[in-house]
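Asks: Letter by letter, the chains look like this.
2 protein chains.
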Amino acid sequence: MKIIIDAMGGDNAPQAPVEAAVKASKELDVYITLVGKTDVIEKELSKYNCDRDRMTIVHADDVISNHEEPAKAVRSKRGASVVVAANMLKNGEGDAMLSMGNRGALLTAGLLIVGRIKGILRPALATLLPSAKGPKMLIDAGANTNCKSDNLVQFAIMGSIYMKNVLAIENPTVGLMSNGEEEGKGDELTKETFPKLKNAPVNFIGNIEGRDVMEGTADVITCDGFVGNVILKTVEGMGHVVSSKVKGMFMRGIISRLAALFVMKGLNEFKQTMDYREYGGAPLLGTKRPVIKGHGSSDAKAVFSAIYQAKKFVETNVTDEIVKNINSMEDKGND
Amino acid sequence: MKIIIDAMGGDNAPQAPVEAAVKASKELDVYITLVGKTDVIEKELSKYNCDRDRMTIVHADDVISNHEEPAKAVRSKRGASVVVAANMLKNGEGDAMLSMGNRGALLTAGLLIVGRIKGILRPALATLLPSAKGPKMLIDAGANTNCKSDNLVQFAIMGSIYMKNVLAIENPTVGLMSNGEEEGKGDELTKETFPKLKNAPVNFIGNIEGRDVMEGTADVITCDGFVGNVILKTVEGMGHVVSSKVKGMFMRGIISRLAALFVMKGLNEFKQTMDYREYGGAPLLGTKRPVIKGHGSSDAKAVFSAIYQAKKFVETNVTDEIVKNINSMEDKGND
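Quick mapping for you: the protein sequence lines, in order, are chains A and B. Residue numbering for the first sequence is 1 to 335, as defined by my numbering. Residue numbering for the second sequence is 1 to 335, as defined by my numbering.
Chain A on its own, in the form it takes in the complex:
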């Protein structure tokens, strides 16, 4: 299996992608293609001992930064690392791609270059969020605004397949994000989506509310990408503030620093719960081949998790199963 990595994207590029790629090529039984400026990557690679048989560099002259307008940049910068990587994926020169760079550019490249699965109206970004009951999926986490009910149904189907295959959750539950639990609650979109989810091939448990995100009530949370983005960033922001408050609690003086030693195990568990790095990247579901968005601030550990996730994404045939499911739904629709 070959994973294509945009080595130029993210706050810690190229160090983090390269370090993670070296580790992955040794430990995960994968071949890695690093896409970006050859000299920069070579210099970074020279710091490590690695098996160059499992590691290829493909040169890309350009980079799309976080401040560029995504659609325009993807169209005009043919030599940008994310564009080169997407073209390689499209042409079958790899089994999955991963980028920590400009989110919009990756989504655009996924949509326009890698392409949608036939029948999928809009691919969706799926994020794993921490919860009291382990990682849960939020889909769409920000690829699409102004969604229709049919989009939300497809998000639920794709998310369920991913959670079943990649996270080995049997018959994953699906919750529809709303402003109340009762069937009648919601805005126009969720009210229209509710009956459709009842008839969809998913384990639908009804409306859920914001508090269910952290409580982990549903394995898959389906919503419009505007709402999903707000949820994701609210949780991330709260994680930062809370973590720094907890840290501050122990940093007030010598005695409180000592106290930290006494609760070290609990403190580590707490950190782990709040740590997005454990959960890898956010898969874009609905494209012809696996595309994964790593967090912009990913360190090598987070990139490694995302590579591991990309491997599982490929191995467990998520994309094939989405294709089959959509086809069978379309067949039913034609009856």
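There are no misleading hints in this set.
The list treats identical chains as one, so a pair stands whether inside a single copy or across any two.
In silico DSS-like links for lysine-lysine, alpha-carbon gap of 25 Å or less:
no.	residue 1	residue 2
1	Lys-301	Lys-26
2	Lys-72	Lys-185
3	Lys-77	Lys-185
4	Lys-2	Lys-26
5	Lys-72	Lys-191
6	Lys-2	Lys-288
7	Lys-271	Lys-245
8	Lys-72	Lys-37
9	Lys-148	Lys-118
10	Lys-26	Lys-311
11	Lys-247	Lys-265
12	Lys-301	Lys-43
13	Lys-301	Lys-247
14	Lys-247	Lys-271
15	Lys-2	Lys-37
16	Lys-72	Lys-90
17	Lys-148	Lys-185
The set of hints was computed from the structure by calculation and includes no laboratory data.
Fit chain B to the supplied structure of chain A, relying on the hints for placement.
Replies: Relative to chain A, chain B alone:
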């Protein structure tokens, strides 16, 4: 000043409302009217030493529980405590009302009985959320779904007046909740609202994102009530999960319990940050007289905060100022 309290609403009624009312009548220079079943309230009141000159009971035979359909219940249960209280407020038999009961019923009673301020399209529920920079307002936090841009502009105006008057924040900043900071980001609603907020009589700082909620980037966060409800409950849910994790960290054994003593000051500050009780209730802004929703799980301390807030709401003439602002906007619109 007279505050009308629905003594039958909330998880801890009548104990919490009555205890808080007694304390408020002593400490806050307010007169209190407790609405509900006389015998039940009398029995609760008998536990305290209080000045009955400052405390009236008005009998209400019925209660609207949390499980009832709000609009229907308000229309059919004329003798319900929240309905009786709203009618008293409408008739000028009090200056503000407070209920910890069925949220939808209170909103309906506020809208249908107390009534909208002329020119206000939809009253909005405003919640104070904790942030790294102190309490910030989320409006609408769940009274309205499927909002229009004019609603969001009015929410911003009303919220700004409240924050300026009640929380003494000079020239409060307003952020429009969106899925990106740039002006072009958002869904149809926020894209239409952005230019209108630029021209509104508020200190508009542009789009904000979910992470800005806890970071406290804006004093007033304006959004559709569906989105606001999701944010509010996501934050509440995360608060619960995080607090129990932190608590668990210290409860593992004797040594970790001892450690808690060493960080007591920090731990208390942490608790305070996560504690909605500090912030009183959620004002319904845009009704002819002040209506406040206390949290359903309010204890006496939280009810007391909400009474204090109701007093400030009245004293600082929030309602009058909203009326003036809306009139002057309408005058401008007629130019």
